[in-house]
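**Q** Sequence:
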Amino acid sequence: MVYPINNVLALAKKHCFYNKEITYPPSLDLVGAIAQETAGDDQTEQLTSWPLLHKKTLYTTIQRLVNDTSPENTYRQSSYVSITGGGRGAQPLFFATDVNENRRQRAEFGKLIASTGMLTGRDWVVSMHSGGGLYRFRLHSHVSDSDCVKQYGLTRQLNNRALDLTLEIIESAGACTLAAGSYMPLPEIQQLLVKYKANVLSGDGSQIINFVNHMSTMSQEERDQIRLDKIIYTSEVLTSPQRAHIRATLGHGVKICSLLASAETGPWALSNPDLTGERTTASSDFVYDVRTMAVEIFPDSVALEGDKDSNHDDAMTTTAPAPLKDGETGAIVLTSLCRLRNPLVRYISGDVGSLHRLPARVRHLVAEADRPHLRVLRLDGRDRRFSFDWEGNYIEFGNLAAIVEDPRYGILQWQAILRSKKPEEDEEGGGRGRALVPCLELRVLPGAAMREDEALRGSMVDRVRLLISLEPGDEDTFVVVYLENTDGFEKSKTGGKVVKFIDRLN
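Mapping the sequence shown onto numbering that gives the first Met the number 0, position 216 (from 1) lands on 215, and the numbers just tick up by one.
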């Protein structure tokens, strides 16, 4: 079920997300009354009259609501609870959605998946997504999975709600599902695919790469027993080298698809190469229904305003600039038309992208009733416009990413960590008592080409050294660690994503 924009904006006026004079969200009875009052209102209020909502404002209000056990606090009542955030050391966000709205949204999104032909009733999907535990054991990154079971008496499904979300929307699309989860060993997933002749594998980007790496070590006979023709990934935009690695291993006929969702928005967009074509860059094209989500693109500067403002009451932009035109890249701002009780209006998502029309040449692939309502969001990923201090110089993170993600190197995953270390003399037993020195550690998962080519590795290292102006004699303050799989990366506390940048110095 979707709601008219009138309903959503009228409810938002009565909600503490948008009015600091209000203590609690409206009661269920009031939500229903407001929806009825505005149902026949012909005076459609425009989104352009609304300010933009920054994460800082939302997070601060939600933290207060989560900690308030008053019976008047409806935020803690009849809600589906999920957790978001936790990347770059941020605190996770507890986000509550009305239980009935949540189920209806999943069902609607499943219909969109079916309508666009991404999945059919003939598909068998093995999901490696994680489920259970509300992320809490991601806080203990030093504890192994086996130690968690020993010390806390836990089963092996610990992580989050991605599994139940994925299974439900895939089943709503009509496909069959097999819940492998995130702790099933890769050889067992291999056996599952073979035994049930499953043709689709679903997981977050790192899980997909891990399994494809596992497949690359198999004999040709073992590979031939696996007949995957679709990959469905979530969480992270796959880079060009990652996509090339998947196709080199599974064959060029495999379709690389994706689902877009968050705790704040729920599931709302999908990437299907039959509709959008194959991207040659790190961006991905997602199809969405304008009846369920209003998407606006704003100049990049709006994403920074809330970060600069220390007073969260003022972190909601008072006057928003005009949205950008189709094709122009900027900050993605979302208004959900599926969520009424805790509305999401003009929320700055933290992602960067641009809007486009659905190509005319593929409109026949979509159900006729849905064609006028579908648009394309070109998602470039998280906003990378930040810098870090390195020996008194500010290094633009985007410049570091451009080097490491250069397609010629074929790096499948990477992570930068700023940390302190002992000087080499101390580590060798001399120089006792010297102060710790800053160190930039670059962890990379190389593809086959880089793993076998020392000159290629040297080229990347030299470019990074030049970027950070590494002085002679300071070579030990920059360390490159080559990994065998994604287990060696540090993940976010919540969604288990590889955190691209970790600062342990500041």
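Simulated from the structure, these hints should not be mistaken for lab results. Yeah, the Cβ is synthetic: ideal placement off N, Cα and C, and Gly gets one too. Please note: incorrect hints may appear among the correct ones.
[Stated by the list, open to error] Each pair of labels, with its calculated beta carbon distance range:
#1 E20 - S458: 56 to 62 Å
#2 A366 - Q76: 57 to 63 Å
#3 A106 - N484: 32 to 38 Å
#4 K19 - P186: 17 to 23 Å
#5 E327 - L27: 39 to 45 Å
#6 K196 - E20: 58 to 64 Å
#7 S48 - D223: 56 to 62 Å
#8 D223 - P406: 25 to 31 Å
#9 Q45 - A366: 26 to 32 Å
#10 Q62 - H363: 45 to 51 Å
#11 L465 - Q45: 49 to 55 Å
**Q** Take the hints in turn and mark each one as holding or not.
**A** So, going through the hints one by one against the coordinates:
1. E20 - S458: 56 to 62 Å: holds, 59 Å
2. A366 - Q76: 57 to 63 Å: For A366 and Q76 the Cβ distance comes to about 37 Å; the hint is violated.
3. A106 - N484: 32 to 38 Å: About 36 Å separates the Cβ atoms of A106 and N484, which means 32 to 38 Å holds.
4. K19 - P186: 17 to 23 Å: At 54 Å between Cβs, range violated.
5. E327 - L27: 39 to 45 Å: holds, 41 Å
6. K196 - E20: 58 to 64 Å: holds, 59 Å
7. S48 - D223: 56 to 62 Å: At 60 Å between Cβs, range holds.
8. D223 - P406: 25 to 31 Å: holds, 29 Å
9. Q45 - A366: 26 to 32 Å: At 29 Å between Cβs, range holds.
10. Q62 - H363: 45 to 51 Å: Since Q62 and H363 have Cβ atoms about 48 Å apart, the given range 45 to 51 Å holds.
11. L465 - Q45: 49 to 55 Å: The hinted range 49 to 55 Å holds for L465 and Q45, with Cβ atoms some 50 Å apart.
Hints 2, 4, counting from the list given before, are not met by this structure.
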